[in-house]
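Participant: So you can see what is in the structure, the chains are spelled out below.
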Amino acid sequence: MATTALLVLDLVGTFAFALNGALTALRTTRLDIVGVITLGMITALGGGTIRDVFLDALPPATFLDWRYLAVAAAGGLIAFLTGHHLDRINGTITVLDAAGLSLFAVTGALKAVDLGFGPAQAVIVGAITGVGGGTLRDVLIRQVPSVLSSGLYAVPALVGATVVVVADLLDARGPVAAVAAAAVCFAIRMLGVRFGVDAPFPPGGRRREPG
Amino acid sequence: MATTALLVLDLVGTFAFALNGALTALRTTRLDIVGVITLGMITALGGGTIRDVFLDALPPATFLDWRYLAVAAAGGLIAFLTGHHLDRINGTITVLDAAGLSLFAVTGALKAVDLGFGPAQAVIVGAITGVGGGTLRDVLIRQVPSVLSSGLYAVPALVGATVVVVADLLDARGPVAAVAAAAVCFAIRMLGVRFGVDAPFPPGGRRREPG
Amino acid sequence: MATTALLVLDLVGTFAFALNGALTALRTTRLDIVGVITLGMITALGGGTIRDVFLDALPPATFLDWRYLAVAAAGGLIAFLTGHHLDRINGTITVLDAAGLSLFAVTGALKAVDLGFGPAQAVIVGAITGVGGGTLRDVLIRQVPSVLSSGLYAVPALVGATVVVVADLLDARGPVAAVAAAAVCFAIRMLGVRFGVDAPFPPGGRRREPG
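Protein chains in written order, with the UniProt record's numbering: chain A, 1 to 211; chain B, 1 to 211; chain C, 1 to 211.
These are computed hints drawn from the structure, not numbers from a lab. None of the values given here were measured: they were computed from a predicted structure. Just so it is clear, CB atoms sit at the ideal spot from N, CA and C, and this is done for glycine as well. Be careful, since some hints might not be right.
What the hints assert, rightly or not - Facing chain C, a subset of chain A residues (Cβ under 10 Å, in silico): (1) T3; (2) R30; (3) I33; (4) L58; (5) L69; (6) L81; (7) T82.
Using the sequences and the hints given, assemble the complete structure.
Facilitator: And the structure:
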């Protein structure tokens, strides 16, 4: 795939997660502008940073390339300035999170392929990239991360990454395949949210012993 | 030590931590199958991933080698399917955690030795490997990590790593020394749990000022 | 700047953060000596470890160089033994945190410059180094990190790092510039604490929807 197309998708994902993280900060806790933008940037840049640790591609691209930093900071600032106008902030947060998840699952997997990793590793790194930033966000604001509590969160990331890796194996790589894979991930995630779908729960009822 | 023996011990530790993390997820929070297996895999693979960051051995072996991924996923799945049959889930969780702690303290220290690090660094990396996965687990489910709250948690890991590093310095390296060192760590940890042993508390009484 | 001067400032910052982390452990939760020293060491060594991941300078200096380990352990032990004598433990914690923040912002930025990174990257790494250890500390004891909740926490770190990087660009590098930059950071941070200064809050009032 053209490097430019991959970069564009990655930056769109960064922007979506920066808006998402900053809006989450506005909704959840009483944070000032620095806290809001910081949480936006950590959400936006965290997944790619963890990805580059796993791929031994340090220093992380999220930190070396000013475009990621600029897009993440801009997303945080825009959310800070406009978030109070949003009537349905929770819905917006969910859509942005699904968008970031989808784009990062795909771009993370493609970066692994480009660096010569095998298909299984590429799928796993894609999923880690997708869920990484949101997991850092949730830990910092003391919520149980979505990747644990929401059945259809890791699964769509794995599916999206798998679609794009299989397309690559079939020589069908390109912007179209990448966008299609991200759309598949996004659709599964949003359907899961819309219909409250969870993966199966443990057999034998919910166990809740005192710790 | 034969590489095979080290690999076997490392995989057994991975399996113990995967069971432990998944059972903790079953006990603590209402997670579906994906959340349970995810927490099992993070617990199982987290310590080795942090170890490889400290040893500059990226990409992490836990991620490159499919055996770690397979064992971790299998452990999480088995715990998900069978956890509700366990009468004494808390006791099982404690034993599995001590087993993972012990094996990873030893294999982590040996990996550092193999890569040419000095004895002090090997002991520290061993302890970090042992406590790392459980610490990630506790942060994700919002508990104070055992390494902070339980006096005899870091100490047995340090002792086990020290035993195996000293054995290596004395040319007594081998599977026997490794298993013996892990057994020492396991015994100290379980005795601490059994008798509620803690390390000394601060002099002057427990201080609890409002933050 | 002379390498020795940089090392001294880095070790002073390590010591300040070790005292701070251990005193925080004494104040916040019921931890024994191992827990107190562990939290002190994580606070003291965490920022430099994250810095070295971002700078691709692994294995981390905090782990390879015994002086960092010794200073961090000593700081934790001293705080454990003497913390109960402190009348104003909260004030002491705040001052030590500001000192560590200031010194690490400066030394982190200088390390990035020495490794050939550009000015923007050096400033960012300096800020990350300054806030990193305290953020790990707060996550482990389940508090919202200062970098999110306190307006003037990231800002003074960015200012201190900028001052020392600009001085370097102007060929005015040296111990004097480093100490002056740290003093600027420290002064801004302490003024912010003293007068309860925050950065601007979101327009339109504080939003607090149920999650």
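Participant: State for each hint whether it applies.
Facilitator: For each hint, the structure was consulted:
1. T3: violated, 21 Å
2. R30: holds, 6 Å
3. I33: holds, 5 Å
4. L58: holds, 4 Å
5. L69: Holds - the Cβ of A/L69 comes within 10 Å of chain C, reaching about 7 Å at its closest.
6. L81: This hint holds: A/L81 lies near chain C, its Cβ roughly 7 Å from the closest one there, short of 10 Å.
7. T82: OK, holds: A/T82 within 10 Å of chain C, min 9 Å.
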